[in-house]
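Okay, here's what each chain looks like letter by letter:
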Amino acid sequence: NAGVTQTPKFRILKIGQSMTLQCTQDMNHNYMYWYRQDPGMGLKLIYYSVGAGITDKGEVPNGYNVSRSTTEDFPLRLELAAPSQTSVYFCASRPLGGARGTGELFFGEGSRLTVL
Amino acid sequence: GENVEQHPSTLSVQEGDSAVIKCTYSDSASNYFPWYKQELGKRPQLIIDIRSNVGEKKDQRIAVTLNKTAKHFSLHITETQPEDSAVYFCAASKGAGGTSYGKLTFGQGTILTVHP
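Chains A and B are the protein sequences, given in the same order.
Just so we're aligned: the first sequence equals residues 1458 to 1573 in our numbering.
Just so we're aligned: the second sequence equals residues 75 to 190 in our numbering.
For the record, the hints were derived by calculation from the structure and aren't laboratory data.
For each residue, glycine too, the CB sits at the ideal point set by N, CA and C.
Hints are not guaranteed to be accurate.
Taking CB as the label site, the calculated pair distances span [what the hints assert, rightly or not]:
#, chain 1, residue 1, chain 2, residue 2, range
1, B, Arg125, A, Arg1569, 40 to 50 angstroms
2, A, Ser1541, B, Arg125, 28 to 38 angstroms
3, A, Ser1526, B, Asp91, 46 to 56 angstroms
4, B, Asp91, A, Gly1510, 45 to 55 angstroms
Straight-line alpha carbon distances no greater than 30 angstroms define the calculated DSS-like cross-link-like pairs of lysine-lysine that follow [claimed, not checked]:
#, chain 1, residue 1, chain 2, residue 2
5, B, Lys145, A, Lys1501
6, A, Lys1466, B, Lys142
7, B, Lys142, B, Lys131
8, A, Lys1514, A, Lys1471
9, B, Lys145, B, Lys111
10, B, Lys131, A, Lys1466
11, A, Lys1514, B, Lys145
12, A, Lys1514, B, Lys96
13, B, Lys116, A, Lys1514
14, B, Lys131, B, Lys116
15, A, Lys1501, A, Lys1514
16, B, Lys111, A, Lys1466
17, A, Lys1514, B, Lys142
18, A, Lys1501, B, Lys116
19, B, Lys132, B, Lys145
20, B, Lys132, A, Lys1471
21, B, Lys132, A, Lys1501
22, B, Lys132, A, Lys1514
23, A, Lys1514, B, Lys111
If you want the footprint, here are the derived chain B segments under chain A, 3+ residues with CB under 8 angstroms [to be verified]:
#, region
24, 75-88
25, 95-107
26, 113-125
27, 133-147
This is chain A alone, in the form it adopts within the complex:
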């Protein structure tokens, strides 16, 4: 049981390039989320999904797109990368009814993206 797996762990992009951050979970969780973490700013929600085929915007969706074709996978696409997208990106998941009676989110290890 690997939990939540993100790839790549590190990436450097040039301005205007595009890329996809991959996220997969093997816990059969319904809910999946993408957060970005900037220094001193906490974690901001980019997009989330409540199940295959259903996605919605979070707090900071501009410049990103997502898809959820399967329960396991929730890739985040960056189109036309900008320096403002330099950040650490975390994918997270949780089951429908909560784990151990809590609303715990299970995070991946993060993907550090630098846009130059």
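With chain A fixed as given, assemble chain B onto it according to the hints.
Here is chain B on its own, set in the frame of chain A:
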């Protein structure tokens, strides 16, 4: 939307002292308040959480208190140890019911340093 403010941004204590981190939230409908610990270069991990029908919860050296009237909650760590050094995030959510889907709004984080 929900707004969560966290203070202080940095906290330095001596080993054995207590540490207190405070958060306020804006949406009175929020009913779930977790705390996450993030060690350097690692993923955030849940350390304790509280629901709005409870005023206080303890787990060994960690406790969380909630004041619904004032819309604030606090993390208390007693007998601090060097391994408690990390970034701590508070968060708020309306739970997974309705259209909230377990989405968490995070505070800005507190860097806790425990000196031996």
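Verification of the supplied hints:
{"no.": "1", "hint": "B/Arg125 to A/Arg1569: 40 to 50 angstroms", "in the structure": "34 angstroms, violated"}
{"no.": "2", "hint": "A/Ser1541 to B/Arg125: 28 to 38 angstroms", "in the structure": "36 angstroms, holds"}
{"no.": "3", "hint": "A/Ser1526 to B/Asp91: 46 to 56 angstroms", "in the structure": "51 angstroms, holds"}
{"no.": "4", "hint": "B/Asp91 to A/Gly1510: 45 to 55 angstroms", "in the structure": "51 angstroms, holds"}
{"no.": "5", "hint": "B/Lys145 to A/Lys1501", "in the structure": "21 angstroms, holds"}
{"no.": "6", "hint": "A/Lys1466 to B/Lys142", "in the structure": "39 angstroms, violated"}
{"no.": "7", "hint": "B/Lys142 to B/Lys131", "in the structure": "14 angstroms, holds"}
{"no.": "8", "hint": "A/Lys1514 to A/Lys1471", "in the structure": "25 angstroms, holds"}
{"no.": "9", "hint": "B/Lys145 to B/Lys111", "in the structure": "22 angstroms, holds"}
{"no.": "10", "hint": "B/Lys131 to A/Lys1466", "in the structure": "36 angstroms, violated"}
{"no.": "11", "hint": "A/Lys1514 to B/Lys145", "in the structure": "26 angstroms, holds"}
{"no.": "12", "hint": "A/Lys1514 to B/Lys96", "in the structure": "29 angstroms, holds"}
{"no.": "13", "hint": "B/Lys116 to A/Lys1514", "in the structure": "26 angstroms, holds"}
{"no.": "14", "hint": "B/Lys131 to B/Lys116", "in the structure": "26 angstroms, holds"}
{"no.": "15", "hint": "A/Lys1501 to A/Lys1514", "in the structure": "12 angstroms, holds"}
{"no.": "16", "hint": "B/Lys111 to A/Lys1466", "in the structure": "20 angstroms, holds"}
{"no.": "17", "hint": "A/Lys1514 to B/Lys142", "in the structure": "28 angstroms, holds"}
{"no.": "18", "hint": "A/Lys1501 to B/Lys116", "in the structure": "17 angstroms, holds"}
{"no.": "19", "hint": "B/Lys132 to B/Lys145", "in the structure": "19 angstroms, holds"}
{"no.": "20", "hint": "B/Lys132 to A/Lys1471", "in the structure": "48 angstroms, violated"}
{"no.": "21", "hint": "B/Lys132 to A/Lys1501", "in the structure": "28 angstroms, holds"}
{"no.": "22", "hint": "B/Lys132 to A/Lys1514", "in the structure": "35 angstroms, violated"}
{"no.": "23", "hint": "A/Lys1514 to B/Lys111", "in the structure": "26 angstroms, holds"}
{"no.": "24", "hint": "75-88", "in the structure": "holds (count 4)"}
{"no.": "25", "hint": "95-107", "in the structure": "violated (count 1)"}
{"no.": "26", "hint": "113-125", "in the structure": "holds (count 6)"}
{"no.": "27", "hint": "133-147", "in the structure": "violated (count 0)"}
In this structure, the earlier hints numbered 1, 6, 10, 20, 22, 25 and 27 are contradicted, and the remaining ones agree with it.
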